[in-house]
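Residue numbers (the UniProt record's numbering), protein chains in the order written: chain A, 1 to 265; chain B, 1 to 486.
These are calculated hints, taken from the structure and not from any lab test. Be aware that one or more of the hints could be misleading.
Claimed, not checked - Listed next, the in silico DSS-like pairs over lysine-lysine satisfying Cα-Cα at most 25 Å (straight line):
#1 A:Lys106 <-> A:Lys152
#2 B:Lys195 <-> A:Lys112
#3 B:Lys422 <-> B:Lys244
#4 B:Lys288 <-> A:Lys89
#5 A:Lys106 <-> B:Lys130
#6 A:Lys112 <-> A:Lys99
#7 B:Lys181 <-> B:Lys195
#8 B:Lys34 <-> B:Lys181
#9 A:Lys112 <-> A:Lys144
As the list claims (entries may be wrong) - With the C-beta cut set under 7 Å, the calculated list includes, among others, these residues of chain A facing chain B:
#10 Lys89
#11 Met102
#12 Asn108
#13 Gly121
#14 Gly236
#15 Val239
To be verified - Covered stretches of chain A, going by a simulated chain B footprint (3 or more residues, C-beta under 8 Å):
#16 65–74
#17 173–182
Think of the CB as a built atom: it goes at the ideal place given N, C-alpha and C, for glycine as much as any other residue.
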Amino acid sequence: MNDMRTVERAVDNTEARITARDVQVWYGEAQAIRDVNIDIPDKAVTAFIGPSGCGKSTFLRTLNRMNDTIPICRVLGTIELEGENIYDKRVDPVQLRAKVGMVFQKPNPFPKSIYDNVAYGPRIHGLTRNRAELDEVVEQSLRKAALWNEVKDRLHAPGTGLSGGQQQRLCIARAVATSPEVLLMDEPCSALDPIATAQVEELIDELRSNFSVVIVTHSMQQAARVSQKTAFFHLGNLVEQGDTSQIFTNPKDPRTEAYITGRIG
Amino acid sequence: MTVLLLLTILAVLAAAGYVLGRRRALAVAGGDPKQLHSLPGFYGWHTAILAFVPGFLVLLLWLVIQPLVIERGVAAHLPESVQADPAARQLALADVRRVASGLDVALSQGALTEGAIAALDASATDLRAKLGEVGVALGAAVSPEVLAAAKDYREATARAATLRAVVIIALALGGLAWALKRIAPDFWARNRVEKVVLWLLMLASLIAILTTIGIIWSMLSESINFFRQYPIGDFFFGLTWSPKFGGGSELGFIPLFWGTIYITVIALLVAVPLGLFAAIYLAEYASKRTRSWIKPMIEVIAGIPTVVYGLFALITVGPFLRDVFAQPFGLGSSGSSVMTAGVVIGILNIPFISSLSDDIINAVPQSLRDGSFGIGATRSETIRQVVLPAALPGIAGAILMGASRAIGETMIVVMGAGAAAKLSLNPFEAMTTMTVKIVGQLTGDTDFHSPETLVAFALGMTLFVITLCLNVLAVWIVRKYREQYE
Ligand SMILES: Nc1ncnc2c1ncn2[C@@H]1O[C@H](COP(=O)(O)OP(=O)(O)OP(=O)(O)O)[C@@H](O)[C@H]1O
Ligand SMILES: [Mg+2]
Numbered sequence: 001m002n003d004m005r006t007v008e009r010a011v012d013n014t015e016a017r018i019t020a021r022d023v024q025v026w027y028g029e030a031q032a033i034r035d036v037n038i039d040i041p042d043k044a045v046t047a048f049i050g051p052s053g054c055g056k057s058t059f060l061r062t063l064n065r066m067n068d069t070i071p072i073c074r075v076l077g078t079i080e081l082e083g084e085n086i087y088d089k090r091v092d093p094v095q096l097r098a099k100v101g102m103v104f105q106k107p108n109p110f111p112k113s114i115y116d117n118v119a120y121g122p123r124i125h126g127l128t129r130n131r132a133e134l135d136e137v138v139e140q141s142l143r144k145a146a147l148w149n150e151v152k153d154r155l156h157a158p159g160t161g162l163s164g165g166q167q168q169r170l171c172i173a174r175a176v177a178t179s180p181e182v183l184l185m186d187e188p189c190s191a192l193d194p195i196a197t198a199q200v201e202e203l204i205d206e207l208r209s210n211f212s213v214v215i216v217t218h219s220m221q222q223a224a225r226v227s228q229k230t231a232f233f234h235l236g237n238l239v240e241q242g243d244t245s246q247i248f249t250n251p252k253d254p255r256t257e258a259y260i261t262g263r264i265g
Numbered sequence: 001m002t003v004l005l006l007l008t009i010l011a012v013l014a015a016a017g018y019v020l021g022r023r024r025a026l027a028v029a030g031g032d033p034k035q036l037h038s039l040p041g042f043y044g045w046h047t048a049i050l051a052f053v054p055g056f057l058v059l060l061l062w063l064v065i066q067p068l069v070i071e072r073g074v075a076a077h078l079p080e081s082v083q084a085d086p087a088a089r090q091l092a093l094a095d096v097r098r099v100a101s102g103l104d105v106a107l108s109q110g111a112l113t114e115g116a117i118a119a120l121d122a123s124a125t126d127l128r129a130k131l132g133e134v135g136v137a138l139g140a141a142v143s144p145e146v147l148a149a150a151k152d153y154r155e156a157t158a159r160a161a162t163l164r165a166v167v168i169i170a171l172a173l174g175g176l177a178w179a180l181k182r183i184a185p186d187f188w189a190r191n192r193v194e195k196v197v198l199w200l201l202m203l204a205s206l207i208a209i210l211t212t213i214g215i216i217w218s219m220l221s222e223s224i225n226f227f228r229q230y231p232i233g234d235f236f237f238g239l240t241w242s243p244k245f246g247g248g249s250e251l252g253f254i255p256l257f258w259g260t261i262y263i264t265v266i267a268l269l270v271a272v273p274l275g276l277f278a279a280i281y282l283a284e285y286a287s288k289r290t291r292s293w294i295k296p297m298i299e300v301i302a303g304i305p306t307v308v309y310g311l312f313a314l315i316t317v318g319p320f321l322r323d324v325f326a327q328p329f330g331l332g333s334s335g336s337s338v339m340t341a342g343v344v345i346g347i348l349n350i351p352f353i354s355s356l357s358d359d360i361i362n363a364v365p366q367s368l369r370d371g372s373f374g375i376g377a378t379r380s381e382t383i384r385q386v387v388l389p390a391a392l393p394g395i396a397g398a399i400l401m402g403a404s405r406a407i408g409e410t411m412i413v414v415m416g417a418g419a420a421a422k423l424s425l426n427p428f429e430a431m432t433t434m435t436v437k438i439v440g441q442l443t444g445d446t447d448f449h450s451p452e453t454l455v456a457f458a459l460g461m462t463l464f465v466i467t468l469c470l471n472v473l474a475v476w477i478v479r480k481y482r483e484q485y486e
């Protein structure tokens with residue numbers, strides 16, 4: 001019950017954007033997430049860390065109901081976005097995902113031009129009124145993703161023709177273009193070189209002023225650099241959560257300490 | 001010794017080679033397979049291959065060459081005049097072969113003995129009647145020359161068969177012995193065997209290619225014959241198709257081409273939307289369970305013979321279209337029409353297009369759909385804007401393949417659209433296609449020297465080129481599509 005106290009303190013600190021209570025996720029008969037309770041604060045970056053296969057991606061995907069696309073996946077418990085249960089029947093997962101955007105581990109640009117990739121979200125949600133506004137959104141999004149200078153001369157070349165790192169930044173620009181309230185990022189930097197990683201981290205830091213960001217990462221340094229809150233997952237359990245500085249300097253759970261110092265993982 | 005028996009002997013020797021080779025390899029290694037370069041089985045295979053393959057290849061070659069050699073010898077018995085004229089020579093040699101095989105039959109039924117055959121005299125006995133009794137019908141009485149040639153033919157064949165058996169068995173035994181002798185711990189049997197397998201694979205593909213070349217060659221040479229007798233410009237640009245076997249035919253290709261294109265377009269208009277929608281439903285919306293019974297059911301349609309579709313066109317679709325559309329709108333009163341054939345060919349093509357497109361849509365990576373869902377796109381937006389554009393080249397390939405199937409369809413056209421070549425825009429009029437006319441020009445009494453018959457080859461060649469281009473285009477598009485995700 002140690003966890004609960006931490007949660008209460010976190011709620012005290014900042015307003016929670018997302019609150020998850022007793023969340024369980026099952027793939028068929030196998031349980032991937034066990035009774036997770038967590039608050040995702042507004043205007044802050046939360047990092048999910050933990051060894052491979054512990055359920056970080058799975059939990060991240062429950063936050064915008066991406067698990068609905070997997071037929072055998074069942075989610076129990078409640079997850080509230082601004083007080084509304086997102087698993088309620090009246091919630092349209094499509095509209096939810098417009099508010100809670102997602103960037104995936106593997107870059108997945110659409111087989112369209114760079115411009116159309118970024119304009120995809122604004123177009124389907126009708127966010128802009130004319131071409132000039134759309135151009136503006138595309139440019140701003142690409143700038144935020146630190147990609148503008150590299151592609152401004154070939155906006156109409158196919159997005160699949162970019163390098164892996166550029167593709168990933170394109171996907172970030174695509175997610176940013178819909179101006180989501182929460183941005184979920186699943187190991188967004190695993191395909192990037194150190195320079196691009198630094199740019200994306202800078203971007204994440206900027207995004208924090210408008211959005212709430214959740215990032216899954218395998219890099220302790222990255223979690224320490226970009227996040228204000230950290231949650232450590234182990235074997236489907238949320239073992240420990242709290243301020244990033246506290247988790248990294250003064251972990252309470254021995255498993256957290258072991259993972260951070262590189263003894264399990 | 002018959003060929004079948006020889007093949008059996010070869011197979012038995014090969015099997016023995018396998019066992020012996022394996023055993024010898026183990027013996028050479030002192031019972032420890034680790035001493036060998038390859039697994040003992042490979043030594044067995046190597047021996048078996050050397051026992052079988054050389055003999056088998058020589059046998060094949062022998063079977064091709066033997067008749068040529070024997071016929072050359074036998075032809076010496078024929079009169080000079082016959083030998084000089086290739087066509088007459090061919091006919092006479094066919095007679096010789098028939099008489100020779102007739103004698104064999106008579107011998108096996110006991111109507112003649114070997115001695116009686118040697119003593120046969122064409123002028124004294126009525127050989128035609130005699131062979132008729134044992135069930136071998138001959139076109140004309142047997143002349144002394146043909147009889148002499150036939151006797152010679154039988155003897156030469158018998159001698160060749162004996163020689164063949166000796167040579168081939170010797171080869172097989174030699175190969176076997178040689179392979180056994182080569183077995184040693186550092187002999188690379190595995191690599192040898194794999195090389196032979198590679199050659200086999202190459203041979204298989206070579207045979208497919210050679211057949212294609214053979215088909216093209218036969219069509220091309222007859223087409224050239226045709227164009228020697230009929231101006232090429234009149235064929236490709238002629239607007240009338242009216243073959244008259246008395247001569248003075250007009251063999252214009254345009255009406256047939258038009259009929260082909262018209263029917264194909266209608267077929268695609270039916271098959272593409274239906275097939276594509278079915279594929280989208282199957283790939284994107286249907287649950288696993290629904291899919292597992294709908295997909296096989298759609299594919300069953302593909303297994304129905306086209307002649308059955310033809311009946312459907314003739315009895316159901318044709319009259320229906322006539323009574324509901326053609327007559328009320330004053331567009332004609334014919335049951336067979338371009339529309340009938342087009343619609344039915346379209347139905348035939350639905351499973352083809354849907355099945356291919358379904359596979360292609362399924363091959364679009366899930367990550368693209370996730371990406372689109374992750375931005376808050378609906379399923380249909382994702383399909384329209386991400387999945388279909390990604391699958392489009394592949395789907396285009398499927399459609400082109402469907403088109404070349406429609407172009408090549410014959411049975412449904414005969415039964416649904418008729419056989420009258422016509423240039424008309426009215427889809428409720430009877431028209432016909434190239435394939436139907438190819439069949440039409442080649443059935444009945446044919447004379448392979450008249451343009452009316454040879455035109456079939458020119459049509460076939462043109463059809464071949466058209467479908468080849470479509471298929472090449474389709475393959476090219478599909479390949480381009482594959483690169484996108486690799
Ligand atoms: N689609 C699925 N079907 C069945 N089981 C799944 C599926 N996706 C994930 N799992 C299982 O759920 C558990 C958690 O997986 P998850 O992908 O969430 O791990 P992760 O923490 O993101 O790991 P990584 O760091 O390697 O990305 C694993 O045991 C995995 O095998
Ligand atoms: Mg993961």
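**Request:** Provide an ascending list of the numbers of those earlier hints which the structure does not satisfy.
**Result:** Of the numbered hints, 2, 5, 10, 14 and 15 do not hold.
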